[in-house]
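Undergrad: Generate coordinates for the entire structure from the input sequences, incorporating the hints supplied.
Same order as they appear, the protein sequences are chains A and H. Each step along the first sequence adds one to the number in our numbering, with nothing skipped, and position 121 is 121. Position in the second sequence (from 1) plus 1000 gives the number in our numbering.
Worth double-checking, as some hints may not be accurate.
Stated by the list, open to error - Taking lysine-lysine pairs in the DSS-like style, the calculated list, with each CA pair at most 30 Å apart, reads: (1) H/K1216 with A/K80; (2) H/K1139 with A/K80; (3) A/K76 with H/K1035; (4) H/K1019 with A/K264; (5) H/K1020 with A/K80; (6) H/K1142 with A/K19; (7) H/K1139 with A/K76; (8) A/K197 with H/K1019; (9) H/K1142 with A/K264; (10) A/K264 with H/K1139; (11) H/K1139 with A/K19; (12) A/K80 with H/K1119; (13) A/K80 with H/K1134; (14) H/K1020 with A/K264; (15) H/K1035 with H/K1216; (16) A/K264 with H/K1216; (17) A/K2 with H/K1119; (18) A/K2 with H/K1134; (19) A/K80 with H/K1142; (20) H/K1284 with A/K80.
Hints are computed from structural coordinates only; laboratory data are not their basis.
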Amino acid sequence: MKRILAIAHNTFRENIRDKILYNLILFALIMILSSLALGQLTLGNEDKVILDLGLASISILGMLIAIFIGISLVYKEIEKRTVYALLAKPVHRYELILGKYAGLLFTLLVNLAIMTAGLELALLYVSRAGLGAHLRILPAAYMIFLSLALVTSLALLFSTFSTPALSAVFTFFLWVAGHFGTDLIRFGEITQSAAVKWLCRVVYYVLPNFSNFTLIDSRHIIQSASYSRPIDLWAISWATLYCVLYCALVLSLTVCIFMRRDFK
Amino acid sequence: MPVVEIDHLTKDFYVGFWKKRPVRALDGLCLQVQKGEIFGFLGPNGAGKSTTLKILMHLLHPTSGEARILDRPTDSVAMHQSIGYLPENPYFYDYLTPEELLTTMGRLFGFRQPALSRKVDALLESVGLAEARKLQLRKFSKGMVQRIGIAQAIINDPEVVFLDEPMSGLDPLGRMEVRRIITSLKARGVTVFFSSHILPDVEAICDRVAILSGGKLQEVGVLEEILKAGIEGHEVILAGGTDETMDSARRFCKELRLMGDRLHLRVDNSRQLEDLLAFAFARKLELISVNPIRSSLEDYFRSAVDRKEPPDVRGKAAAGVSRNS
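TA: Laid out in structure tokens, this is it:
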């Protein structure tokens, strides 16, 4: 565990020194400009618009970091040969993978926490939303974090055997396709062919289902706050379980590939 | 009990679009390294030196054969606790300072603060990087990278250190510094296994050498014995001679030069040497020195590589793979 933490700490430090958190400036600009413009563009819908913009920005910026850092995590270690000195130490190969994964997750968590705080500030500035709506941003941010954890595991998997460009394409494809899982099932149900129906179902279960992480959106936050409805714990629990199991599976596959690799 | 045991180690790389065509980089290598010695692993580029070291470090999986270090297999994490490794042309995280790099590496061995800080300080001092402790590695010269590479390889006070081309690309001062570090490791009882193609450095510090070519072991032996076998004659220096003495001495030797008041003579065999010394004593000449003239390790290396069988297609391809890797 200590070795995993040492590698994770190093990965986090690498990300910070690579100026990854500069994306926060972009996020701050989006929030400031949208907050200033809202008074003139919306009529009493400031809460929803700022939440929509804020959550979408957090999700997309986080996803871009997860993909572009994730795809180079292992690839860069091999290309720059830093992996040689590392694996000659008393380190299991699976510890290297888990340490790298944990380091990037922590980077994403810090990034997400700062952006969520920024969204809160923007919400406080423009909206009339009560305390309930403010608190309900946290589960939404948590769900985004789960989706980023899943994207990171996929990027890491591809980075163990593919080039960064191809890994980015594969990961982005899975991220997009993973949002249309329920559409795939519906398509299977309306088709006449049993084979297509079966294929749609198989693909649905194999693809990561990112719609699990979009259950708490701006509409949900505002409505549940307005009617003082409790937070949907079932959706959060299911998303957490799904994320943990899917990531465990992807990381196991990543470790299996990495264990068999030769470092020429 | 040998510290490093290599038993019929073979490594094939698979190349081509479908990765079906095997090329042999290492062919049945058998070798043993004893405790406390400095072992030089020599060979031209593409000979299989780095491949061997990478198999020992468990960075490559052997196609067949076995290697053991400290009587443990190469994939043993416990064994890696007791060894150190400097890769060829090392590259470390360039956003780190040497202090941070060594601290991270120390944590992988389970060291804790404040003992780790003390160890890092001592190491930086011993490799001459104490002044640069806060400088990011991206600003390091090649010699400094090599020194921090050696420092990370010995942070755990290893029993065996593997150094892959530690002198490569260094200037004479840098090479001298690395030689000093290696000999100080030996003085502490550490076994040093290092690959190199810079022969004067090997000649200066190695106890035993192995010569590898085309993935096959060509020679292995104690350096002094190898060089002793190659004695080609003796150089004798005498003083106090006259022109007449010079003319008389010509019949005993092959070469003769007068430098100042000293006569430099070269004899080919021990019989000639005995005759020359008897002549010198009879003429009451002053004997300054008698030095054996022996072939250098470079000559030995060249002859060992030349003696090997002509490389087959697989051997050539293997050399190509190694160069490209």
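Undergrad: Look at each hint and say if it fits the structure.
TA: How the hints compare with the structure:
1. H/K1216 with A/K80: holds, 29 Å
2. H/K1139 with A/K80: holds, 16 Å
3. A/K76 with H/K1035: violated, 36 Å
4. H/K1019 with A/K264: At roughly 14 Å apart (the allowed maximum being 30 Å), A/K264 and H/K1019 satisfy the hint.
5. H/K1020 with A/K80: holds, 27 Å
6. H/K1142 with A/K19: Within the cut-off at roughly 26 Å; holds.
7. H/K1139 with A/K76: holds, 19 Å
8. A/K197 with H/K1019: violated, 37 Å
9. H/K1142 with A/K264: holds, 22 Å
10. A/K264 with H/K1139: holds, 27 Å
11. H/K1139 with A/K19: holds, 18 Å
12. A/K80 with H/K1119: Cα-Cα ~27 Å, so holds.
13. A/K80 with H/K1134: The given pair, whose Cα atoms are some 22 Å apart, holds under the 30 Å limit.
14. H/K1020 with A/K264: The given pair, whose Cα atoms are some 17 Å apart, holds under the 30 Å limit.
15. H/K1035 with H/K1216: holds, 24 Å
16. A/K264 with H/K1216: holds, 19 Å
17. A/K2 with H/K1119: holds, 19 Å
18. A/K2 with H/K1134: holds, 25 Å
19. A/K80 with H/K1142: The given pair, whose Cα atoms are some 15 Å apart, holds under the 30 Å limit.
20. H/K1284 with A/K80: Distance of about 68 Å is beyond 30 Å: violated.
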